Structure formats: C-alpha cells, structure tokens
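S.K.: Here's the letter readout for the chains.
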Amino acid sequence: MSITPSSHQQYLTFILAGEEYAVGVMSVQEIRPWHAVTVLPNAPAWMLGVLDLRGVVVPVMDLRRRFDLEPAQIGPSTVVIVLRVQSDGAARTVGLVVDAISEVYDIDAADCRSLPDIGGGAGAQLVQGLAQADGKTLILIDPVRLASPQTH
Amino acid sequence: MTLDLTQFHDTFFEESFEALGSMEAALLKLTAGEADAELINTIFRVAHSIKGGSATFGFTEVAAFTHTLETLLDQLRSGQRQVQSPIVDALLRSVDVLREMLSATQHKRPADAAAAATLHAELQGIMQQAPAQAKAPTVDTAPPAAAVATEGIAGWRVRLVPGQKMMAHGNDPLRMIRELAALGSLTTRVDAAKVPTLKDLDPEVCALCWDMELHAGCDRAAVENIFEWAMGECTLGIDALAGTGTVAGAATPAPAAAAPLAPAVPAAPAAPAAAAASPAGVPGAPRPPPSAERSTVPAGEGGSIRVSIEKIDELLNSVGELVITQSVCSQLAASLEGRRADDLRNALVQFERHMRALQESVMRVRMLPIASIFNRFPRMIRDLGQRLGKKLELRMSGEHTELDKTVLEKIGDPLVHLVRNSVDHGIELPEARRAAGKDEQGTISLHAYHKGGNVIVEVSDDGAGLNRDRILSKARERGLVGADEELSEDKILNLIFAPGFSTAEVVSDVSGRGVGMDVVRRNINEIGGHVQLYSTPGKGSTVRIRLPLTLAILDGQLARVGQEIYIVPIVSIVETIQIKREQINSLAGKAELLRLRDEYIPIVRIYELFGTQADHTELVNGLLMIVEADGKRVGLFVDELLSQQQVVIKSLESNFRQVTALAGATMLGDGRVALILDIPGVIARYMEQPARASREAA
Chain A
1 MSITPSSHQQ YLTFILAGEE YAVGVMSVQE IRPWHAVTVL PNAPAWMLGV
51 LDLRGVVVPV MDLRRRFDLE PAQIGPSTVV IVLRVQSDGA ARTVGLVVDA
101 ISEVYDIDAA DCRSLPDIGG GAGAQLVQGL AQADGKTLIL IDPVRLASPQ
151 TH
Chain B
1001 MTLDLTQFHD TFFEESFEAL GSMEAALLKL TAGEADAELI NTIFRVAHSI
1051 KGGSATFGFT EVAAFTHTLE TLLDQLRSGQ RQVQSPIVDA LLRSVDVLRE
1101 MLSATQHKRP ADAAAAATLH AELQGIMQQA PAQAKAPTVD TAPPAAAVAT
1151 EGIAGWRVRL VPGQKMMAHG NDPLRMIREL AALGSLTTRV DAAKVPTLKD
1201 LDPEVCALCW DMELHAGCDR AAVENIFEWA MGECTLGIDA LAGTGTVAGA
1251 ATPAPAAAAP LAPAVPAAPA APAAAAASPA GVPGAPRPPP SAERSTVPAG
1301 EGGSIRVSIE KIDELLNSVG ELVITQSVCS QLAASLEGRR ADDLRNALVQ
1351 FERHMRALQE SVMRVRMLPI ASIFNRFPRM IRDLGQRLGK KLELRMSGEH
1401 TELDKTVLEK IGDPLVHLVR NSVDHGIELP EARRAAGKDE QGTISLHAYH
1451 KGGNVIVEVS DDGAGLNRDR ILSKARERGL VGADEELSED KILNLIFAPG
1501 FSTAEVVSDV SGRGVGMDVV RRNINEIGGH VQLYSTPGKG STVRIRLPLT
1551 LAILDGQLAR VGQEIYIVPI VSIVETIQIK REQINSLAGK AELLRLRDEY
1601 IPIVRIYELF GTQADHTELV NGLLMIVEAD GKRVGLFVDE LLSQQQVVIK
1651 SLESNFRQVT ALAGATMLGD GRVALILDIP GVIARYMEQP ARASREAA
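Note that the protein sequences, when read in sequence, are chains A and B.
End of the first sequence sits at 152 in our numbering; the numbers just go up one at a time, nothing left out.
End of the second sequence sits at 1698 in our numbering; the numbers just go up one at a time, nothing left out.
Read the hints as simulated data drawn from the structure, not as lab findings.
Quantities reported herein were computed from a predicted structural model and do not represent experimental measurements.
Positions of the beta carbon are idealized from the N, C-alpha and C atoms, including for glycine.
Check the hints yourself; a few may be wrong.
[What the hints assert, rightly or not] Derived Cβ-Cβ restraints for the label pairs, each shown as a range:
hint	chain 1	residue 1	chain 2	residue 2	range
1	B	Thr1612	A	Ile15	28 to 38 Å
2	B	Thr1071	A	Ser87	47 to 57 Å
3	B	Gln1646	A	Thr137	26 to 36 Å
4	A	Ser87	B	Arg1306	24 to 34 Å
[Said to hold, decoys possible] Covered by chain A, according to a simulated footprint, are these stretches of chain B (three or more residues, beta-carbon under 8 Å):
hint	segment
5	1605 to 1613
6	1654 to 1660
7	1670 to 1681
[Stated by the list, open to error] Here are some of the chain B residues that sit facing chain A, going by a computed Cβ distance under 8 Å:
hint	residue
8	Gly1320
9	Glu1321
10	Asp1555
11	Leu1558
12	Lys1650
13	Ala1665
14	Met1667
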C-alpha cells in the first residue's frame, strides 16, 4: 500500500486505547461530544447506531471495535469525529467514536511510511500507514476505506 | 469556433419524446377523411422540430427520416392528399420508429435500421401515389415541381447578418451555408468589417456577415427553411436574382395568396430586387407563408420551466429539515414558562402553519398529472383491438390527478399490464358479447381520483369477469390451495395475485387472467400502495390501486420498544390489540401464535428480532400490532403506542448501507433518530430466523 500525500498535510490525531491515530483534516467535518445514538438492528457490532446531524442520518462506529480492541468506555473526553469523504463519486458522512482528541500536526510526506506487512487482521486495511511527528509514531487511518460500504 | 452542442442533447431528447407523445395523441384524434388543420399542424410541427434539432446535432438518420415524414405531412396539410387510415397507420408507426431511433441515439446504441428503412420506403411509396384529389397547380418541395414553379428565377441573393445570440442558441451559420450550398451552386462573400480587435473579441459571438448568391431552381420557402431556426436571431435578406427565362407565373395562374409572401419574411430589407420578384408572384398559393404561420408556435406551454429533479430534491430535503427544526423549537417552547413564553408559543404555532404550507407547495413541485401515463393507453387500446379483433372503447377520467414523479414512474408498467389483461382476458370477442346481450364494443375505463390523502387509480372493463371456479381449480392443481379447503369469494379472487399462480399458461383465454399479477401487486406494494380486485361474472372486473401521494413522506404510527422508537407505516397496519393469555398458542416451544377470530397469527417480538431491550417480555403486558404485507400477517409485539404522524423518510443507504427490515430513518421532534420498519422485510427476516430458543413461558 503506497501513500502519496501532498508534501505537506495537516492531520488530526486522537487517542484509541493508548495509541495515537491520525486522520487528514480535510476529511474531518466536525467533532461532537458523545451523544446516545439510535441502535441499528442487524448491523455489525462496531456499528453503534445512527445520529441526527442536522437532518442527515449519520452512522456512528466504535473505532475501537473496528480495530478489534476493547469496546469504548464512554467517558468525559469521549467524542465523535464526523468524517465526510468522497467515495465512488458520492459523499458519505460517518461518525467515529474515539477516546479523546489529541493534536493537529503538519506531517511531511517524507515522514510517512507504509504499513509493514502484518497480515490482514485488526483492521489493517483501514490503516494508510505510519508517520513520525513530535517524536511519536502516529497510525494514519484511511477515511475513504473507513466510510466505504465495501469494508462494512 | 464550434459550440459544444452535446450539452443540449438531453434537452433535445426530452423535448422530442414529449413532442412525439403529442404527435401520437394528435394522430389518434385524426379521423380518416377529415383533415383537421390544427391537428395536422401539430403533427407537422413535431416532425419539423425534430428534423431541425436532429440536423443541428448531426443525427442524420433521424433528420432524413423526419424529412420524408415532413414532406408527406406537408402534402396532408396543404390538402394535396387526403387523410386516409393507411396514412394514419403509417404515421403512427413512424412515431414508434422515431422513438426507437431517438432512444437508440440517446443511448448510443445502433438503431433498428431495417424497421426505419422499411417504413421510410413505405412513406415514400405513399407519396408517389397520385394524390386522391384532382391536381391543383401546387408547389412541392420535391425538385421536379419546384423547377416548374420557380421558372424565371435564376436564384436568390441572401444576406446573413448573425445576431448577438445566434451562435449561443445553437445556430451555426456554417451549417446553414452548407445546407444552402446543397440546393445549388453558391457563391459566398464574407464581410469581416465588423470583426472587433482581438482584445474585444467575444469568441461566442459571430461578427462575420455573408453575402451569398445561390443559383438554383428552388423556391423562396426552401431558402427560408434553412434559416428558420435562426429567424429573429439574425438579419436576413432574401431577394430573387433577376431571371433569364420567361416571366414567372405565366405557366401557372398567379394565385391570390401569393402577395403576402414578401412581408412574411421578417427583417427583409426592401431591396430593389424584391420589387421585381413580387409582382411576378412566386407561385406558392396552397402553402401558407411558412414563417408567418410558424411564428404562431407557442414557445412554452403555460409558462413552465424545466428544473432538474436533483434541485427539487435538495429543496425538498431542506424543507424536511426545517420541519424537524420547527418541531424541535415547539418542543423547547413547550417547557418554557412565563408571559413571554406564551407569545413565543403563539408565534411558533403560526410558524408551524406556514411550514406546512411551504412543505405542501414544495411537494407539489414534484407532482405531475397522471395524464403522462394515461396518454399511452389510447394507442395501446387501438393496437390491441386491431390485433385481437375486439371492438374497444377507452374512457378516461381524472387525467389531471397529480402524483409524485417517483410514484408515477413506478405505476406505468403495472397499469399497462392491467389494461392489457383487461383487453386480452376481460373483454370478449364481439360475437360473444352480442350473444351475452351486451354492446359489441367493450369498454375499458381508467379513473384516477383523490380519496383521503391517497390517489386511487381504477382499471375496469365490462367484460366477462373472473371465473371463480376455474381460478380455484387451477389453484388446487398448482397446490396453492388444499384439495378440500373452502375459500371465501374474496380469497379466491385474491389467488390470482399469488406468486405461483401466474406462470406461463393462463387459466384460459376467455376468463382467466394472471400473467404476472403478483409482479403488479409487488410493484404497487413497493411504493406503499395497495391493490384490490373486484369482479362480477358477466359484468366485468375492476382493479383498484391505492397510491400514496408521495414517497418522501410517510404516514407512520410511532411505537416504543424499550428505549427505541420505531415507525410502522400506517398502510401496513391492520389493527392493534391487547393480548389475552388464552389467545396465545405455542408451537413446539419455537413459534408463538395468536389466535385471532379464526386465524393464527405469528407473534414477532421486535426486541428479539433486533437484539434490543424491551420493557415487557410477557405478551399480556404489551401490545400486539397486526401488520400485513404480501398477503401475510404477523403481530408485532411492542411496549407502547405513541402518536401517529407524517414523517420524512431519510435513507440509511446514503451513508451506511441498506439494513434488512428497515425502510429508512426519520428525525423525531426531540432530535432523536427513529427507524422506519419495512414490514415485508420484517416478515421475511422473522421467517428466515433459525428456530427460536425455547422460551420458558411456553
């Protein structure tokens, strides 16, 4: 999996089970405090339900479960990151429940590494690569794949 | 400097299909032997505009075909040829051929060239037959006649000064010049005096002018025809070139109507040559002056505009959200206290009223009259009648009843099916009808009307009606009904909607129907409609379809299960009851059945089906909502019934995917999302569930 971000891009980082993940700010529509959702029947366990975002029904997923981690414990810092991405010519909006928001970093393309082959498990297909910032390793997630119906 | 014309293709096709519809309608009204001038003009206009459009866009086959069509129509229009039924038939078939050609062009697939060629030849054959009427000294666009008529005129001097907008409207001067050159030998001179400097040049405005001399034996109308589309957008001068032959008109009596021809050319500068041509009288009497007559073609009907569906849907969506926001405001205001709060509440009541009005008018934008569907039936009935040897009359009423565009699109095929069934199996042959003491001519009726927030569409015939005995025996044969099972009259009729019933062979040609009636019912149910069948032996049958006005809004019953609120479409609800212990039957500890009157109804526990929590697990504590879909009934076990309200349907698919048993979601007044149940889906899911774990309650 190769990564070709433009030389300089901003990333929003968030915490998930102690790890720091990052997603390109251009895909982030907004960040909302956690609010109970309407449970969808017959949906995967990581699909918590749907919420009303100004008249649009937005599915909300538990990113921890998507990565086969312990289910999220709702706490005071729990937020929903609302992503808006273009996939297959249509805009899709999804919400991610994460433990906490961390920082916004400028990351140079040169600092990004593609993910070493670690097998397909644990949502590896949703990870775009790894990056170094501020002496930490960030896990870059792929918002398009996350929102795509093919990976649901 | 070519304008990209492809952007206009969609409009051209859309308008052409519409125009063909009106041509077809006009043709059907045209009775043999009677040349109704207005009807023929309508038909002519359609052929003419399709010809013009297709020539502009380079669809040469369509243009060639319509040209022949137009020539024939012109003969009818001028009275040279009588309207006879073979001609009307050929014209009707050419509507089909044109439709096919256009849709082939639109979808960029090869057209059925053979059919077009055959008909083309047939039309030409008709034109070669001697007109029924005595030959009047007339002019035809066909070259031999034209040569006679324009004797004495060496040709035409044409000056073309394109206007500002001419190119923007798709009129390419080069195309016109090329067409002009096709008429004879053409010499052109370009006048580039008005071309501005490069700095001020607008590439989409043609600043060139042309002076052309056409040496050809054609008449003035032929020249005007070329520029017809650009009339009013350019300044055009057409003057006759002094001829070398004898005085024109000597060979033919100069008709009185010739004089108005000259003023009919708009913007023609009074040039000396015009004076020379006019007294001679260009013989064209039986043809009305083309430009004068065609200027009466209305540009738009009733002042309407074309708007893309997406824009309307966006508008509809925004209004839907406004409705939700408004109900959020109302709920907030309800909890306020004090004098000012009363004022606010009053204002909000007003707000709500305006909101409803706005929502209704936006909905109405998407509504179209059902006439767009009904219009295809006169033709169909005519063709079917001819083919089956039946005498038929079609009665329609309520064509102006409006329905949501999406609903309209979905009912077209089912209606065609029902009408075809009525003609094919319902109406008897003339002899049989006479024997039964009925009028030889069978009647098919189509009625559309409003009833209680729904639109009802009825298809009825005065044919033989359904033969219940045959239906029952067929159903027994197919194993749909047990050998000694007794059924009520109603249930027997409903058997024809059963999926297994309608296979290749039909009950009989005389009395049964049932080709794909299950498909009809499924399609109607899919859009939230309902089909009912009534039939009286010997008197005929009626199929009544109840349709929702729109698909964007649904009448829903709110039901609570634990923390969640679900919306059940009201059309699916049969009744809601409180369960008594003695009504419950358990089947081998797996399924639970409710005995209601003489029926056993499976009980679906929503919380089990959806894996959520409910307040009540004891059946006697909750409520059972009996719902029906595809002829199957189940009882939905819920905790509580809340209000009934209209809800705006939001798709789950756009951001997630389709979810079984859910038709979508909607926002409630408190900002929560409520899920809308898809009753057929709920039933299907209940049926496919693996054996439910035995319940201690059993």
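S.K.: Hint by hint, note whether the structure agrees.
M.R.: Cross-check of the supplied hints:
{"no.": "1", "hint": "B:Thr1612 / A:Ile15: 28 to 38 Å", "verdict": "30 Å, holds"}
{"no.": "2", "hint": "B:Thr1071 / A:Ser87: 47 to 57 Å", "verdict": "54 Å, holds"}
{"no.": "3", "hint": "B:Gln1646 / A:Thr137: 26 to 36 Å", "verdict": "53 Å, violated"}
{"no.": "4", "hint": "A:Ser87 / B:Arg1306: 24 to 34 Å", "verdict": "31 Å, holds"}
{"no.": "5", "hint": "1605 to 1613", "verdict": "holds (count 4)"}
{"no.": "6", "hint": "1654 to 1660", "verdict": "holds (count 6)"}
{"no.": "7", "hint": "1670 to 1681", "verdict": "holds (count 5)"}
{"no.": "8", "hint": "Gly1320", "verdict": "7 Å, holds"}
{"no.": "9", "hint": "Glu1321", "verdict": "3 Å, holds"}
{"no.": "10", "hint": "Asp1555", "verdict": "20 Å, violated"}
{"no.": "11", "hint": "Leu1558", "verdict": "13 Å, violated"}
{"no.": "12", "hint": "Lys1650", "verdict": "5 Å, holds"}
{"no.": "13", "hint": "Ala1665", "verdict": "5 Å, holds"}
{"no.": "14", "hint": "Met1667", "verdict": "5 Å, holds"}
Of the numbered hints listed earlier, those contradicted by the structure are 3, 10, 11.
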